Amino acid sequence: MTAEIIVVTSGKGGVGKTTTSASLATGLAIAGKKVAVIDFDVGLRNLDLIMGCERRVVYDFVNVVHGEATLKQALIKDKRYETLYVLAASQTRDKDALTQEGVEKVLDGLSEEGFDYVVCDSPAGIEKGAHLAMYFADHAVVVVNPEVSSVRDSDRILGLLASKTRRAERGDSAIKQHLLLTRYNPARVAVGEMLSVKDVEDILGINVVGVIPESENVLAASNSGVPVILDENSFAGQAYSDTVARILGEERALRFLDVQKKGFFQRVFGG
Amino acid sequence: MGILDFLKRRPEPTATVAKERLRIIVAQERSTRGAPDYLPLLRNELLEVIKKYVHVDLDAISINLERDSGHEVLELSVALPEGNNKPGAAAPATS
Chain A
2 MTAEIIVVTS
12 GKGGVGKTTT
22 SASLATGLAI
32 AGKKVAVIDF
42 DVGLRNLDLI
52 MGCERRVVYD
62 FVNVVHGEAT
72 LKQALIKDKR
82 YETLYVLAAS
92 QTRDKDALTQ
102 EGVEKVLDGL
112 SEEGFDYVVC
122 DSPAGIEKGA
132 HLAMYFADHA
142 VVVVNPEVSS
152 VRDSDRILGL
162 LASKTRRAER
172 GDSAIKQHLL
182 LTRYNPARVA
192 VGEMLSVKDV
202 EDILGINVVG
212 VIPESENVLA
222 ASNSGVPVIL
232 DENSFAGQAY
242 SDTVARILGE
252 ERALRFLDVQ
262 KKGFFQRVFG
272 G
Chain B
520 MGILDFLKRR
530 PEPTATVAKE
540 RLRIIVAQER
550 STRGAPDYLP
560 LLRNELLEVI
570 KKYVHVDLDA
580 ISINLERDSG
590 HEVLELSVAL
600 PEGNNKPGAA
610 APATS
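Chains as they are written, first to last, in my numbering: chain A, 2 to 272; chain B, 520 to 614.
Among the hints, erroneous ones may be present.
Pair ranges (Cβ atoms, derived) [as the list claims (entries may be wrong)]:
1. A:126 with B:585: 27 to 33 angstroms
2. A:261 with B:591: 50 to 56 angstroms
3. A:2 with B:576: 58 to 64 angstroms
4. B:533 with A:254: 46 to 52 angstroms
5. B:528 with A:169: 45 to 51 angstroms
6. B:585 with A:71: 47 to 53 angstroms
7. A:221 with B:531: 34 to 40 angstroms
8. B:577 with A:126: 26 to 32 angstroms
9. B:539 with A:224: 34 to 40 angstroms
Since the hints were derived computationally from the structure, they do not count as laboratory data. Quick caveat: nothing in here was measured; it's all calculated off a predicted structure. Ideal Cβ placement from N, Cα and C applies to all residues, glycine included.
Build the full structure now, drawing on both the sequences and the hints.
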């Protein structure tokens, strides 16, 4: 059995790739899947912090690629979910630490270990790390903010996914592309200050798989090292749950696209 | 701020401006996607050569690279201006 490989990518930095990778991997684990989430950002390890396992990193991705540790040694088991594992990025400054063969070996190893999904958290940019993160993918989650530079970069990434990946080179069926709109602010969209879901879909010619509203809870979640999908009271967490369900093939309507009117008690007591 | 400012037409929402700008740039970048990096340079040099004979602007030249199974076709089209524009003629093409 081979694991389904999902790359989380965007081109532009700071749009929510790592937040998305952490929540997506956790959501898949909640759905009962065996999941590994890999940080491809060599030199700038961060996924471990977002997943809350930074103090348990002993071996990393590059150690496995170089044969300095086994996959079993390097996989960090999540504290909350039995079937969820993290493979941290190396902090080396050597940009050539990852090779295509090395990455392939690790991904094959994960398939042999019976993983259902491997989530690859891509670094920003379109350099080697980003290329390797997407190369073997079966699915791509392209994270985009409703903002000009992010939208343009994501179009560039969609082009690369269609041409510079193993599936494209082999002429296999195309990578399944999912557009995820994050940091969405319905109030600003309503007054014409921010691109709407429809605007972004029109420009890129692809429908969104989810819309994550801008939320204070995302920062709170990363502060505490708990993927925001586990904050069931937050809109962002619920929107991520919906997104994971859609990626797994379930049909769910988009939520949180309209301006939230505060109720009387909320206005008086806050919240 | 003038007292009659409220009568002025409201400025276009910035999201609309963003959408229009993105629509154009994305279409332009898609049309050149996957093409070799030398294409823009080739286009400029060809323009220089063509300008020796007829007066055309950059927009009049389009270069397309089409990939078919196994071979690539470089298609160059130049829209010549109407009338008789001699090299160095002062009147620019109006078409």
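Open item on the list: Given the hint of 58 to 64 angstroms, is the C-beta distance from residue 2 (chain A) to residue 576 (chain B) inside that range or not?
Closed with: holds, 59 angstroms
Task: Status of the given 45 to 51 angstroms range, CB of residue 169 (chain A) versus CB of residue 528 (chain B) - done: With Cβ atoms ~48 angstroms apart, the hint holds.
TODO: Please test the hint of 27 to 33 angstroms on the beta carbon pair from residue 126 (chain A) and residue 585 (chain B).
DONE: 30 angstroms Cβ-Cβ, so the 27 to 33 angstroms window holds.
Open item on the list: Looking only at beta-carbon atoms, does the pair residue 221 (chain A), residue 531 (chain B) fall within the given range of 34 to 40 angstroms?
Closed with: For residue 531 (chain B) against residue 221 (chain A), whose Cβ atoms are near 36 angstroms apart, the range 34 to 40 angstroms holds.
Task: Verdict for residue 261 (chain A), residue 591 (chain B) (Cβ pair) under range 50 to 56 angstroms - done: Given range 50 to 56 angstroms: holds, Cβ gap about 53 angstroms.
Task: 34 to 40 angstroms as the expected CB spacing between residue 224 (chain A) and residue 539 (chain B), which holds or is violated - done: Check passed, 38 angstroms falls within 34 to 40 angstroms.
Task: Beta-carbon spacing of residue 577 (chain B) to residue 126 (chain A) - inside the hinted bounds 26 to 32 angstroms or not - done: The hinted range 26 to 32 angstroms holds for residue 577 (chain B) and residue 126 (chain A), with Cβ atoms some 31 angstroms apart.
Open item on the list: Given the hint of 47 to 53 angstroms, is the C-beta distance from residue 585 (chain B) to residue 71 (chain A) inside that range or not?
Closed with: holds, 49 angstroms
Open item on the list: Given the hint of 46 to 52 angstroms, is the C-beta distance from residue 533 (chain B) to residue 254 (chain A) inside that range or not?
Closed with: Violated, at about 29 angstroms.
The earlier numbered hint that this structure contradicts is number 4, and it is the only one.
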